[in-house]
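*Asks:* Each chain, written out:
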Amino acid sequence: MRFTVEMVLRRSERAFERAVALAGRRGYELVGASAALSEEGLTLLVRLTLESDRKPETLVHQLAKLIEVQSVRLEPGGTLQ
Amino acid sequence: MKAARFLVRALQSHGVDVVFGYPGGAIMPVYDALYDSGLRHVLVRHEQGAVLAADGYARATGKVGVCLATSGPGATNLVTGIANAFLDSVPVVAITGQVPTGLLGTDAFQEVDIFGMTLPVVKHSFLVRRAADLPDAIAEAFHLARSGRPGPVLIDLPKDVANADGELECIAPVAEGAGAAAEPAALEAARRALLLAKKPVVYAGGGIVLGRAVDRFRRFIERTRLPVVTTLKGIGVLPTEHELLLGMLGMHGGQAANLAVQGADLLLAVGVRFDDRATGNLSRFAPGAKVVHLDIDRAEVGKLREADVGLVGELGPSLDALSSPLDADPWRAECLESRRRFAPVYDAPSELVCGPRFLRELSRRGGENLVVTCDVGQHQMWVAQHCLFSRPEQHLSSGGLGTMGYGLPAAIGAQLGRPGALVVNVAGDGSFMMNLQELATVRRYALPVKIVLLDNQALGLVRQWQELFFDRRYSEIDLSDNPDFVRLSESFGIPAFALERGEDEEDAIDRLFEIDGPALLHARIEREANVWPLVPPNHGNEEMLLGASS
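Each protein sequence line maps, in turn, to chains A and B.
Position 32 (the first sequence) corresponds to 31 in numbering that gives the first Met the number 0; numbering is contiguous.
Position 3 (the second sequence) corresponds to 2 in numbering that gives the first Met the number 0; numbering is contiguous.
Calculated directly from the structure, the hints in this document are not laboratory data.
Where is the CB? At the ideal position from N, CA and C, for every residue including glycine.
Take these hints with a grain of salt, some might be off.
[As the list claims (entries may be wrong)] Per label pair, the in silico range of CB-to-CB distance:
id, chain 1, residue 1, chain 2, residue 2, range
1, A, Arg72, B, Gly366, 45 to 55 angstroms
2, A, Gln69, B, Arg211, 21 to 31 angstroms
3, A, Arg10, B, Phe468, 22 to 32 angstroms
4, B, Tyr34, A, Arg9, 42 to 52 angstroms
5, A, Leu44, B, Gly546, 54 to 64 angstroms
6, B, Ser12, A, Gln69, 25 to 35 angstroms
[To be verified] Facing chain A, from chain B, some residues (calculated, C-beta under 10 angstroms):
id, residue
7, Leu118
8, Pro119
9, Lys122
10, Ser124
11, Ala131
12, Leu143
13, Gly147
14, Arg148
15, Arg297
16, Ala298
17, Glu299
18, Val300
19, Arg304
20, Arg486
21, Glu489
22, Phe491
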């Protein structure tokens, strides 16, 4: 299953790396990523496209636990079987 | 004020009364600040000892454990202990020295990327690049370590930052507010499920301890009268001899516990994570049961076993909300009869010491003041199966990571945290050799830790698996060239004696407990002794091998 996750991360030491590494560690293969600083420079807007036979919701719950993650959601309609 | 001095003061302001550590180049500013600070520092003999002692301190006291190490190898030696705290959700703050910021990323002497290395095994981490960021980092580290689902937090502190002067002000510790119960609608669904269940079982785990919900859990059980099984980390949420406790479930769980879960029509899972050692073959775990899963960590609910009702919230108030009398009398009677029928007896003929019998008696004589810290292996399972505990803080065991060598440093931490407790490290000969350098720490601080070393001259649990599942091809499990542990202990200045015969077990326990100060009891046990029951890998929990257990 391929799906996309959208996140807002607080800008802090290696926040993007922490989120990406968590996905890989939990069994979700990263197949696409983009990240950009917000205009004020305090947050990172991140999109990760991932593949896994595990449930996307499980990863969303794991990502939500990261201290840097201000918000995270599955991209609407972005889930492909 | 130098940032290093501020760090020490901030630790004190967060209620830290002892830190465990080992100095070195990059952490020297902090050690200089410690010198006349009044903050107690315990010098271990290996950094792994520091972090595991901090872990033991945290588990025994419920407070945050703190450890210090230098950069490079000092920091990497912490990693196993940080992972240990992560897997068991223990509040630990690990502070590492780091090379100066200008040298970061240059492969400088004793530089490793400890921030990156520990990313998978910390709840959070900080690399403090400016002294001005230190107050926030410390306050946040302590708050994160103990709030919600606890866990380890790393603070990596470059040497130039530690040496920097600044006007730094301590941020007051964040008061931990009471968390909210699960959503009312979910609680109502859980109540309905409980009312409809004919064969309900409570599957209780370490989350009850971490959530400081033991007393409320006990009230819940007394009101609902539901039969209870526990995980390894849930041991003590009910006293071992409580009438509704069926024992530990899982790979080395008891028959009454495993059969109850496999026959249940509803599983109320409280503060558990459906760990593979508890569930066996997950697809065959509690096959007829609906699952009501209560946890503070949303990511655990439904992670491995789909929950029919997911309850995400603080355990205590959620249990209060579910607490009402239930009618499950016939099932409860069946479970309690099973408990009676399968209760262990301790009459195995043996000239040598019988581990289960010995440990049962040790815990009986130790009483409610006893704290047992385990290493990992057969003795650890015997402690879980056979020791009597009144409270979970009496049983410190490396559950998730299974860290051999945990027991002795954890005993040091537990003893410092609870000076009046009778702290006993139950060790195996394999595990003991992994951190025995900490005997020097026990001696230095005159800690009255008792060590019970069950010596089968083998890596017993590996040997058992090779016997059962690898056609007795005993590969690299022989430890028959162990040192003389009595003389070894005495060489550290710790009195020791040997127990050779089963008939002398009780006298040996009395003798051990009567020694004023630290002591080691070396007990030779049978090499072929096994842990029973055992659920073979990938089997359902009803398929227990019973071996010689009775």
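*Asks:* If a hint holds in the structure, say so; if it doesn't, say that too.
*Replies:* Here is how each hint holds up against the structure:
Taking 45 to 55 angstroms as the suggested C-beta distance range, the pair Arg72 of chain A and Gly366 of chain B conforms, at roughly 53 angstroms. The given range of 21 to 31 angstroms is respected by Gln69 of chain A and Arg211 of chain B, whose C-beta atoms sit roughly 28 angstroms from each other. For Arg10 of chain A and Phe468 of chain B, the hinted distance range of 22 to 32 angstroms is not satisfied, since their beta carbons lie about 51 angstroms from each other. Between Tyr34 of chain B and Arg9 of chain A the Cβ separation comes to about 37 angstroms, which falls outside the hinted range of 42 to 52 angstroms.
A beta carbon spacing of about 58 angstroms between Leu44 of chain A and Gly546 of chain B agrees with the range 54 to 64 angstroms that was offered as a hint. Our hint of 25 to 35 angstroms for Ser12 of chain B and Gln69 of chain A holds, since their Cβ atoms are close to 29 angstroms apart. Annotation: Leu118 of chain B was flagged as interfacial toward chain A, and the flag holds, the nearest CB pair being 6 angstroms apart, inside 10 angstroms. At a threshold of 10 angstroms, the smallest CB-CB gap from Pro119 of chain B to chain A is about 6 angstroms, leaving the interface hint in force.
Proximity of Lys122 of chain B to chain A holds as hinted, the smallest CB-CB distance being about 8 angstroms (cut-off 10 angstroms). The closest approach between the C-beta of Ser124 of chain B and any C-beta of chain A is roughly 8 angstroms, which is under the 10 angstroms cut-off, so the hint is satisfied. The interface hint given for Ala131 of chain B is broken, as the beta carbon of that residue sits about 15 angstroms from the closest beta carbon of chain A, more than 10 angstroms. Below 10 angstroms, beta-carbon pairs count as interface contacts, and Leu143 of chain B has one with chain A at about 7 angstroms; its hint therefore holds.
Checking Gly147 of chain B against chain A: minimum C-beta separation of about 8 angstroms stays under 10 angstroms; hint holds. Proximity of Arg148 of chain B to chain A holds as hinted, the smallest CB-CB distance being about 8 angstroms (cut-off 10 angstroms). Given the 10 angstroms rule on beta carbons, the hint for Arg297 of chain B holds: about 5 angstroms separates it from the nearest Cβ of chain A. A least Cβ separation of about 4 angstroms between Ala298 of chain B and chain A falls short of the 10 angstroms threshold, and the interface hint therefore holds.
Here the hint on Glu299 of chain B is kept, as its CB sits about 8 angstroms from the closest CB of chain A, short of 10 angstroms. Restraint check, Val300 of chain B versus chain A: the minimum CB separation of about 8 angstroms is within 10 angstroms; hint holds. With 10 angstroms as the threshold, the beta carbon of Arg304 of chain B stays out of range of chain A, its nearest partner Cβ sitting at about 12 angstroms, so the hint is violated. Look at Arg486 of chain B: its Cβ only gets to about 45 angstroms from chain A, farther than 10 angstroms, so that hint breaks.
Restraint check, Glu489 of chain B versus chain A: the minimum CB separation of about 46 angstroms is more than 10 angstroms; hint violated. Checking Phe491 of chain B against chain A by beta carbon gives a least distance of about 40 angstroms; that is not within 10 angstroms, so the hint is violated.
Violated hints, in rising order: 3, 4, 11, 19, 20, 21 and 22; the structure is consistent with all others.
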